[in-house]
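**Student:** Each chain, written out:
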Amino acid sequence: MNQELKKKINSSFPSAKISLPKEKRVVIEVNRDAVISVLSFLKNMGYEHLSMISCVDWIKEDEFELIYFLNAYMKNDEEYGEIEKSTILLKTRISRKKAKYITAIGIFASAEPYERELHELFGIYFEGHPRLTPLLLERVYEIPPFRKDFDTRKYVKEFFEEIPFVEDREEGKE
Amino acid sequence: MRELELYFGPQHLGMVGNFSITLNVEGDRIIKAASNPGYLHRGFEKLMEYRTWIQNFTLVCRINVIEPDSMELMYSMAVEDLAGIEVPERAEYIRSIYLELARVGSHLFGLWAYANMLGFDTVANWAMYHRDLILDLFEEITGARVYHMYIWPGGVRRDFPKGLKDRIVKTLHKIGSGVPDYDDTFFNNRLFYDRAKNVGKVTRKQALEMGAVGQVLRATGMKYDIRKIEPYAAYDKVDWEIPTREDGDAYSRIWIVRDEMIESVHMIFKLLDDMPEGSVYNRIPNPFKWNIPAGETYVRCESSRGELGLYMASNGEDKPYRVHFNTPSYSHGLTILEEVLKGESVADVGNIMMSLYIVAPEIDR
Chain B
0 MNQELKKKIN SSFPSAKISL PKEKRVVIEV NRDAVISVLS FLKNMGYEHL
50 SMISCVDWIK EDEFELIYFL NAYMKNDEEY GEIEKSTILL KTRISRKKAK
100 YITAIGIFAS AEPYERELHE LFGIYFEGHP RLTPLLLERV YEIPPFRKDF
150 DTRKYVKEFF EEIPFVEDRE EGKE
Chain X
0 MRELELYFGP QHLGMVGNFS ITLNVEGDRI IKAASNPGYL HRGFEKLMEY
50 RTWIQNFTLV CRINVIEPDS MELMYSMAVE DLAGIEVPER AEYIRSIYLE
100 LARVGSHLFG LWAYANMLGF DTVANWAMYH RDLILDLFEE ITGARVYHMY
150 IWPGGVRRDF PKGLKDRIVK TLHKIGSGVP DYDDTFFNNR LFYDRAKNVG
200 KVTRKQALEM GAVGQVLRAT GMKYDIRKIE PYAAYDKVDW EIPTREDGDA
250 YSRIWIVRDE MIESVHMIFK LLDDMPEGSV YNRIPNPFKW NIPAGETYVR
300 CESSRGELGL YMASNGEDKP YRVHFNTPSY SHGLTILEEV LKGESVADVG
350 NIMMSLYIVA PEIDR
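Chains as they are written, first to last, in numbering that gives the first Met the number 0: chain B, 0 to 173; chain X, 0 to 364.
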């Protein structure tokens, strides 16, 4: 089944690198311009459930890796075919310095909160997204906090050491 | 009529959990709704990058308060996959039994929240009492009531204590004997029907477009359940059915929750009877010097609220490089809730939200 899928994608997108790391998983790596067309191609093939968009900060290579997780909903309410069993990981790499990408909302409406989250936590700007407003955080950070160069421990140290400990309070002071 | 902005939660009688919705209302009708999560954002996924593989166990279970067990399972399955650890057969059975107990406990909690919302305080208190009986079982199995840290890579932390099977059966029979009462007072009650029928309707088309999973999808008639699609633990070794309904409204979703509890209890009985003997744990390397080979994995399971996934990447060190949980409440609470609330009345906001089974800490992580 996944071998067939591999052939089909390869015939339409010869530049895509496809690997089958284990049963039920298909990993497709494409360059950044091809993602939207591959997404709509996969959706037409029946993978109509975008279950997540994730991002990995590969700081040594100075790149972000965006990963789109696709599953198929059942075509028939009662039975499972082969297509529902596989998960597709569609990957692409974008530059860390110019962290800008295109939104996938046009194809998958469920992409909206995931892109909002990545914008907030990784600082990736998704062009065409209707509301890239804060989702989870309540403060503005210089470096978006989920990037690898944001050091949580250093931040906590700097942030909280400004507040004096009760033991250090001068005696007699109100 | 004048349009007003109304803040529904986090401090609101109709809100369960740390969550807020900004409503634009005209009179009693909602024109626009915007979900505001983040009240419980603890940054677990970032914190995990600073802790060793084994230290993270104390964090994963805290992602979801009402059902921490599927999170433990996800983390263990991902680590097992990356490190190539096998799980003994008995541990697979124990995992399934334990996860189904957790599902019943979680559904009872959900039922408490939902019944409470509609003003069925008696039913809510029964549900909380019955959940407490399950927590007693958890205390006996794991030593903790809420955050168990029981499922480990390579199996489970320890075997079931002696005579536990009888006590599980006894407790489940006790809870099961309450089903006729629940049905008379709540599920077959005209008041529940009137409040929930045709409220918060998610059509099949909407469900597919907005990435619904779990009860929201099964309430439109699709038997979509990861336990069948991609069986893990011992779910492929027993026979069981997936309850569905057709209408996609709050009424259907809550009935599915009820039916799932009964199905889970039957499944636990079957699993208990078939459980093989043997070890429950394959040794892992010294956890203080445990480096896992570089690689990535995506695992998924069916939690009590729907499909739960975990993406994990390792770069060969003693800590994970990236952890990302894909939780069912995320699409339900942020995409579907906003869409479904449009046109409904303010009095039904809590009703719809709890029928979608939204658990706020799961969104925030």
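I should point out that these hints are in silico values taken from the structure, not numbers from a laboratory. As the structure is a computational prediction, the values presented were derived from the model and not from experiment. For every residue, glycine included, the Cβ atom is placed at its ideal position computed from N, Cα and C. One should not assume that every hint holds.
Said to hold, decoys possible - Keeping only pairs whose Cα atoms sit at most 20 Å apart, straight-line, the calculated DMTMM-like set for lysine to aspartate or glutamate is:
id	chain 1	residue 1	chain 2	residue 2
1	B	K153	X	E44
2	B	K74	X	E44
3	X	K204	B	E47
Stated by the list, open to error - One-sided and incomplete, this derived list gives chain X residues near chain B with beta-carbon spacing under 10 Å:
id	residue
4	E48
5	T51
6	Q54
7	L134
8	V212
9	Y297
10	Y320
11	G332
**Student:** Take the hints in turn and mark each one as holding or not.
**Tutor:** Taking the hints in turn, this is what the structure says about them:
1. K153(B) - E44(X): Between K153(B) and E44(X) the Cα gap is close to 17 Å, so the pair holds against 20 Å.
2. K74(B) - E44(X): 34 Å, violated
3. K204(X) - E47(B): Holds: K204(X) and E47(B) sit about 11 Å apart, inside 20 Å.
4. E48: 8 Å, holds
5. T51: 15 Å, violated
6. Q54: At about 14 Å, which exceeds the 10 Å cut-off, the nearest Cβ of chain B leaves the hint on Q54(X) violated.
7. L134: 30 Å, violated
8. V212: Hint holds; V212(X) Cβ to chain B Cβ min 8 Å, cut 10 Å.
9. Y297: 6 Å, holds
10. Y320: Given a least distance of 7 Å, the restraint on Y320(X) holds.
11. G332: 9 Å, holds
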